[in-house]
Amino acid sequence: MRHALYTFAYRRSSDQDAGAPVRHPVVVVGAGPVGLATAIDLGQRGVPVVLLDDADRIGEGSRGICWSKRTLEICDRLGVGEKLVAQGVTWKLGRVFSGNELVFSFDLLPESGHKMPAFINLQQFYLEKALCDRVGEIDAIDMRWRNKLVGVEPHNDHVRLKIDTPDGPYTLEAAWLIAADGARSATRDMLGLSFSGVTFEDKFLIADIKMAADFPTERRFWFDPSFHAGQSALMHRQPDNVWRIDLQLGPDADAAEEQKPERVTERLRRMLGDIPFTLEWISVYRFNCRRLDRFVHGRVVFIGDAAHQVSPFGARGANSGIQDAENLAWKLAAVLEGEAGASLIESYERERIQAADENIAHSTRSTDFIAPHSPAERQLRNAVLAMAPKAEFARRMINSGRLSVATVYDTPLSTPDESSFGGSARLGAPVPDAPVLRKDGVASHLLDNVAGEFTLLYVKNGAMPEVPEGVRPICIGEDLIDSDGVLGQRLDATPGAAYLLRPDQHLAARWRHADGAKIAAARRRALGRAG
Amino acid sequence: MSRLITRLQFADPDAAYLTLVEARRGLSLEAAAELDTKLVLILANHIGDIEVLKEAVALAKA
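Just so you know, the protein sequences line up as chains P and S, in that order. Sequential numbering from 1 applies to the first sequence in this note's numbering. Sequential numbering from 1001 applies to the second sequence in this note's numbering.
No lab work stands behind these hints, which were simulated from the structure alone. It cannot be assumed that every hint is accurate.
To be verified - Taking lysine-lysine pairs in the DSBU-like style, the calculated list, with each CA pair at most 35 Å apart, reads: (1) P:K92 / P:K115; (2) P:K439 / P:K92; (3) P:K115 / P:K518; (4) P:K390 / S:K1038; (5) P:K390 / S:K1061; (6) S:K1054 / P:K390; (7) P:K148 / P:K83; (8) P:K129 / P:K210; (9) P:K390 / P:K92.
Said to hold, decoys possible - With beta-carbon atoms standing in for the labels, derived distance ranges: (10) S:G1048 / P:Q259: 53 to 61 Å; (11) S:E1051 / P:Q354: 43 to 51 Å; (12) P:S105 / S:L1041: 31 to 39 Å; (13) S:R1003 / P:N382: 23 to 31 Å.
As the list claims (entries may be wrong) - Covered stretches of chain S (chain P as the covering partner; in silico rule of three or more C-beta atoms under 8 Å from a C-beta of chain P): (14) 1011-1023; (15) 1027-1040.
Computed from a predicted structure; not experimentally measured. Built from N, CA and C at the ideal position, the CB exists for glycine as well.
Start from the sequences, fold in the hints, and give me the full structure.
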């Protein structure tokens, strides 16, 4: 089986030779997808970031493979979206089988006109590599491999960090510490924070295998297939002829025994018959649905798996972590620039706890369906499956994982609508993408033109309202042309309508008729300041 | 002509399933069967349409 794909050199920092601990505005601990995304988003905003990781390599195991449309839109703003899509396997269809019979199909992105697909599959190490390469292009980021955080001492306006390296320990100070150190977060342990929730009893086997097969590029899920009786199975394509196979093993499986290659091979033979394959990565896991009570503890902010964990059904783990990163980065930048008070960080907690709770609820429901807790619960589940071929309602109750979509924030940062709006845009949600033509006639997408700052989309009707400082105006009909009418539909745009987007592309306010005072008040509100 | 509605009527089918699965959480198969029987009676009466009830019985037995 394959081991690390990419290794990185430890380099001594001048901080290690400083007489007194050096103070940095932001230290991020953990260079997984979430820590990397946080560092890039901050770095692109000109915020100096020190990024620590205790390892010096990536690529041990595929781990997360499904990246959602919203994650790809964020990665696009971070400069790697197109690369990921080119490298990944694009898919949007899911098929669910009961026994060997197809009972349900779904299409995750039935409408066109979005730059990014509903999902791509790509091994996590490729995404991490792309983000690491991007980190290397940003001077504001100081990446420190083999720097292990071993001590955290919170103070009112900073955190003192003890870091171990191959050259021995040193001390740093951070005005803000972002803990992106994963499900087994050492930062969380060092602060003595409990991490409570539900642990599911069922064990699952993940096997990533390499084989030349022409199975369709779909997410295929089986309940009780003949090749794996009484349990569920999942099959999903990755690049490089690698396939993710996930087999439910039940609560009594012996994890050590089940990871033995000969045992895995035997199970896979039953599923795949004579197709030749090689094993890339094997893991047996049980999963948790849990979160921290609070994500913000003074100057320590938890993010990604360090803050919350879900089951893998629904691709809500790493995707929600990257959405945490985009939520936090612009707020932290605004606080450090003095544009907003530290209280804006509380809105990160509020908005991302809402998202975490949504993800935990979906993930728990899927798990209840896939791995019933008792014979009585299994009886209900099996009744739904048995009815599915005969009744549409039963097909729609089949739950093999409801796949990650962006949360619509119910947030005090939004200015309540004063007029009603239709369309698919939602206050508190990312603005829907749409095809547009740029001034120079080049075909583009809306989100390509909304790049990380407060933006006002104004639908041309005479002169643009006065736009306050700190908001970039885009005139629809002048700067961008709604060539297909799709943008107008999605925004329910009328002449003179205006839409204020936060730096994370979420819709903060909208008006049929705006003026400078309303726009300025909405911006202040979105920065957590009294209107 | 069929009067029984088999298309989905719940806005959130997962919430409906959750309500039903939580109702039987911790129950034995027998206790769950007793719960189901009571639910059938309650919902049959709520529907109050003998033709729909007959069609539902036929679908469940099909």
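Going down the list of hints, with the structure as the test:
Under the criterion of a C-alpha separation no larger than 35 Å, the hint pairing K92 (chain P) with K115 (chain P) is consistent with the structure, at around 14 Å. Taking the CA atoms of K439 (chain P) and K92 (chain P), the gap is near 32 Å; set against the 35 Å cutoff, the hint holds. At most 35 Å may separate the alpha-carbon atoms for a hinted pair to count; K115 (chain P) and K518 (chain P) meet this at roughly 31 Å. The suggested pairing of K390 (chain P) with K1038 (chain S) holds, with an alpha-carbon distance near 24 Å, which does not exceed 35 Å.
In summary, the hint linking K390 (chain P) to K1061 (chain S) is supported, as the alpha carbons are separated by about 11 Å, within the 35 Å threshold. At most 35 Å may separate the alpha-carbon atoms for a hinted pair to count; K1054 (chain S) and K390 (chain P) meet this at roughly 16 Å. Among the hinted pairs, K148 (chain P) with K83 (chain P) is consistent with the structure: their alpha-carbon atoms are about 30 Å apart, no more than 35 Å. Using a Cα cut-off of 35 Å, the hinted pair K129 (chain P) and K210 (chain P) holds, with the two alpha carbons roughly 21 Å apart.
Restraint check: the Cα-Cα separation between K390 (chain P) and K92 (chain P) comes to about 25 Å, which is no more than 35 Å; the hinted pair holds. At about 56 Å, the CB distance of G1048 (chain S) to Q259 (chain P) agrees with the hint of 53 to 61 Å. As the Cβ distance of E1051 (chain S) to Q354 (chain P) is approximately 45 Å, the hint placing it in 43 to 51 Å holds. A hinted range of 31 to 39 Å holds for the C-beta pair S105 (chain P) and L1041 (chain S), which are about 35 Å apart.
Restraint check, R1003 (chain S) to N382 (chain P): a C-beta distance of roughly 27 Å satisfies the suggested window 23 to 31 Å. With 7 residues having a Cβ less than 8 Å from any Cβ of chain P, the region 1011-1023 of chain S passes the three-residue criterion, so the hint holds. Counting residues of the region 1027-1040 of chain S whose CB falls under 8 Å from any CB of chain P gives 5; the rule of at least 3 is met.
In summary, this structure violates none of the numbered hints.
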